[in-house]
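Trainee: For the record, the sequence lines run as chains A and B.
So the first sequence is residues 1 to 201, counted in the numbering used here.
So the second sequence is residues 1 to 136, counted in the numbering used here.
Note that these hints are calculated values from the structure, not bench results.
Fair warning: this is a prediction, and the values are worked out from it, not measured in the lab.
We treat Cβ as the ideally placed atom computed from N, Cα and C, and that holds for glycine.
Please note: incorrect hints may appear among the correct ones.
Beyond 10 Å from chain B on every Cβ pair, some chain A residues (computed) [stated by the list, open to error]:
hint, residue
1, V14
2, A26
3, Y40
4, E54
5, R85
6, Q123
7, D157
8, V163
Just a few of them, taken from the derived set where beta-carbon distance is under 10 Å, the chain A residues facing chain B [as the list claims (entries may be wrong)]:
hint, residue
9, A89
10, Q90
11, A98
12, L124
13, T155
14, R166
Label-pair distances were calculated between CB atoms; the ranges are [what the hints assert, rightly or not]:
hint, chain 1, residue 1, chain 2, residue 2, range
15, A, T82, B, W53, 49 to 57 Å
16, B, W53, A, A97, 52 to 60 Å
17, B, D55, A, E156, 54 to 62 Å
18, B, S78, A, G111, 49 to 57 Å
19, B, N110, A, E156, 53 to 61 Å
20, A, A97, B, E104, 33 to 41 Å
21, A, E152, B, S97, 45 to 53 Å
22, B, L94, A, D76, 40 to 48 Å
23, A, E149, B, W53, 40 to 48 Å
24, B, I91, A, R118, 18 to 26 Å
25, A, E68, B, D55, 26 to 34 Å
26, A, D119, B, I91, 35 to 43 Å
27, A, L69, B, S78, 31 to 39 Å
28, B, E104, A, E152, 57 to 65 Å
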Amino acid sequence: MTATQITLLVLLVVLLIAVAIGLGWAARRRSLRRRFGPEYDRTVHEQDGRMSAERELVNREKRHKELELRDIKPEDRERYITRWRAVQAQFVDDPPAAVEAGDDLVTQLVGDRGYPTRDYDEQLSLLSVEHARTLGNYRDAHDIYLKSERGEATTEDLRQALVHYRALFADILGVQPADGRPERSRTATDVDEARRGGGLL
Amino acid sequence: MSTEHVRVRDEPDVRAQSEPDVRAESEPDVAVKDEAGLRVADETVAVPSGQLWPDGLAEALRERWRERQLQFVDDPQSATARADELLDATIAELTESLQAQRAELAQWRNASDSDTEGLRMAMQRYRGFLDRVLTM
Numbered sequence: 001m002t003a004t005q006i007t008l009l010v011l012l013v014v015l016l017i018a019v020a021i022g023l024g025w026a027a028r029r030r031s032l033r034r035r036f037g038p039e040y041d042r043t044v045h046e047q048d049g050r051m052s053a054e055r056e057l058v059n060r061e062k063r064h065k066e067l068e069l070r071d072i073k074p075e076d077r078e079r080y081i082t083r084w085r086a087v088q089a090q091f092v093d094d095p096p097a098a099v100e101a102g103d104d105l106v107t108q109l110v111g112d113r114g115y116p117t118r119d120y121d122e123q124l125s126l127l128s129v130e131h132a133r134t135l136g137n138y139r140d141a142h143d144i145y146l147k148s149e150r151g152e153a154t155t156e157d158l159r160q161a162l163v164h165y166r167a168l169f170a171d172i173l174g175v176q177p178a179d180g181r182p183e184r185s186r187t188a189t190d191v192d193e194a195r196r197g198g199g200l201l
Numbered sequence: 001m002s003t004e005h006v007r008v009r010d011e012p013d014v015r016a017q018s019e020p021d022v023r024a025e026s027e028p029d030v031a032v033k034d035e036a037g038l039r040v041a042d043e044t045v046a047v048p049s050g051q052l053w054p055d056g057l058a059e060a061l062r063e064r065w066r067e068r069q070l071q072f073v074d075d076p077q078s079a080t081a082r083a084d085e086l087l088d089a090t091i092a093e094l095t096e097s098l099q100a101q102r103a104e105l106a107q108w109r110n111a112s113d114s115d116t117e118g119l120r121m122a123m124q125r126y127r128g129f130l131d132r133v134l135t136m
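Next up, chain A with everything else stripped away, as it sits in the complex (with noise of 0.2 Å):
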């Protein structure tokens, strides 16, 4: 073996080592983003780079792995599906009132399972290791709720706010507590249909 041949056959493993890794950091790149979506990209934005941010999700993943995450119980479900329900024919009376009883229900929601409720950095944070599709929706609400304390938001800004809410509730909740779409068909009046006694939601 001459000497060329050593450092070619060092160059390749060499060459090799490098591919492997990048390999493995793309392999970690896309599963990332799959599994942060949305998150993933603002991460990035927040971090000020692609590899500071990566480290602090795959730090998240690990801090997720450590909650004790415990699963809702149907009855507690029910519950938890009827209040939101009063949440929203609340909205047409006290706009802000429903906002605040959403966020406290949702908080409520959270903490019931297994989530850090007390820092809401750290709680988003975990949040977005399984409801990062979400969380977003929940940023958004939780920011109306601020404008809200301020007096500062508007009535749609509110009803944003409880759909917002809803996104992040359903989500972990894995059921739509109730998006009010009309069912009924178009032809039967309401007063036939209450007649009838016709299903409701």
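With the hints as your guide, set chain B onto chain A.
Mentor: Below, chain B alone, put in the same frame as chain A:
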């Protein structure tokens, strides 16, 4: 009406018992109360009782309302439009119900030999009905 009137003169108790039977078809649950009321005072004349809505319909309509109230958060425009429809249908229903009760009171027209006493009682029923509509 006139045969009944004769019997009223002779045996007030018979009238008191037969009168609520006529209305028992539509309002079975209030018949007992009315019967008792009639026995206390002979001159009390049956007036359509307070029930404007068939059993359960009012609650079913309230349920419809709650449905719309829930929908508001998702679609304010359509929820409000449907609230309007609900009121429209409800008012139409109320009108129909009131007209049906008025038609029932108009039976004095059918009696071939409407005598003054029969008409007097019809007037009392109309007054009771009007009072009830005015206090709605």
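Trainee: Decide, hint by hint, whether the structure agrees.
Mentor: Quick rundown of the hints versus the structure:
At roughly 60 Å from the closest C-beta of chain B, the C-beta of V14(A) stays outside 10 Å, upholding its exclusion from the interface. With a least beta-carbon separation of about 41 Å from chain B, A26(A) lies farther than 10 Å from that chain, consistent with its non-interface assignment. The Cβ of Y40(A) sits about 29 Å from the closest Cβ of chain B, beyond the 10 Å cut-off, so the non-interface label holds. No Cβ of chain B comes within 10 Å of the Cβ of E54(A); the nearest lies about 38 Å off, and the non-interface call holds.
Here R85(A) does not stay apart from chain B, with its beta-carbon only about 6 Å from theirs, under the 10 Å limit. For Q123(A), the shortest C-beta to C-beta distance to chain B comes to about 24 Å, beyond the 10 Å cut-off, and the non-interface label holds. The claim that D157(A) is not at the interface with chain B holds, since no C-beta of that chain comes within 10 Å of its own (minimum 13 Å). A cut-off of 10 Å between C-beta atoms contradicts the statement that V163(A) is not in contact with chain B; the least separation is 6 Å.
At about 5 Å, the closest approach between the beta carbon of A89(A) and any beta carbon in chain B falls short of 10 Å, and the interface hint on this residue holds. Taking 10 Å as the C-beta cut-off, the interface hint given for Q90(A) holds, the closest approach to chain B being about 9 Å. Of the supplied interface hints, the one on A98(A) holds, with its beta-carbon coming within about 8 Å of a beta-carbon of chain B, less than 10 Å. This hint is violated: L124(A) has a C-beta 24 Å from the nearest C-beta of chain B, more than the 10 Å allowed.
Hint status for T155(A) relative to chain B: holds, with the closest Cβ pair at about 9 Å, below 10 Å. Interface hint at R166(A): satisfied, since its Cβ lies 8 Å from the closest Cβ of chain B, which is below the 10 Å cut-off. Evaluation of the 49 to 57 Å hint for T82(A) and W53(B) yields a failure: the beta carbon distance comes to about 27 Å. Between W53(B) and A97(A) the CB atoms are about 32 Å apart, so this pair departs from the stated range of 52 to 60 Å.
Taking 54 to 62 Å as the suggested C-beta distance range, the pair D55(B) and E156(A) does not conform, at roughly 41 Å. Distance hint check: the CB atoms of S78(B) and G111(A) are about 35 Å apart, inconsistent with the given range 49 to 57 Å. Hint check: N110(B) to E156(A), Cβ distance near 59 Å, so the stated range 53 to 61 Å holds. A97(A) and E104(B) have their C-beta atoms about 47 Å apart, which leaves the hinted 33 to 41 Å range violated.
Checked against the given bound of 45 to 53 Å, the beta carbons of E152(A) and S97(B), roughly 48 Å apart, stay inside it. Take L94(B) and D76(A): their Cβ atoms lie about 42 Å apart, and the range 40 to 48 Å holds. A beta carbon spacing of about 43 Å between E149(A) and W53(B) agrees with the range 40 to 48 Å that was offered as a hint. Roughly 53 Å separates the CB atoms of I91(B) and R118(A), a value that falls outside the hinted 18 to 26 Å.
The hint said 26 to 34 Å for the Cβ distance between E68(A) and D55(B), and at roughly 52 Å that hint is violated. Remark: the range hint 35 to 43 Å for D119(A) to I91(B) is contradicted by a beta-carbon distance near 54 Å. Our hint of 31 to 39 Å for L69(A) and S78(B) holds, since their Cβ atoms are close to 38 Å apart. For the hinted restraint 57 to 65 Å between E104(B) and E152(A), the CB-CB distance of approximately 59 Å keeps it satisfied.
Hint compliance for this structure: hints 5, 8, 12, 15, 16, 17, 18, 20, 24, 25, 26 are not met, and every other hint is.
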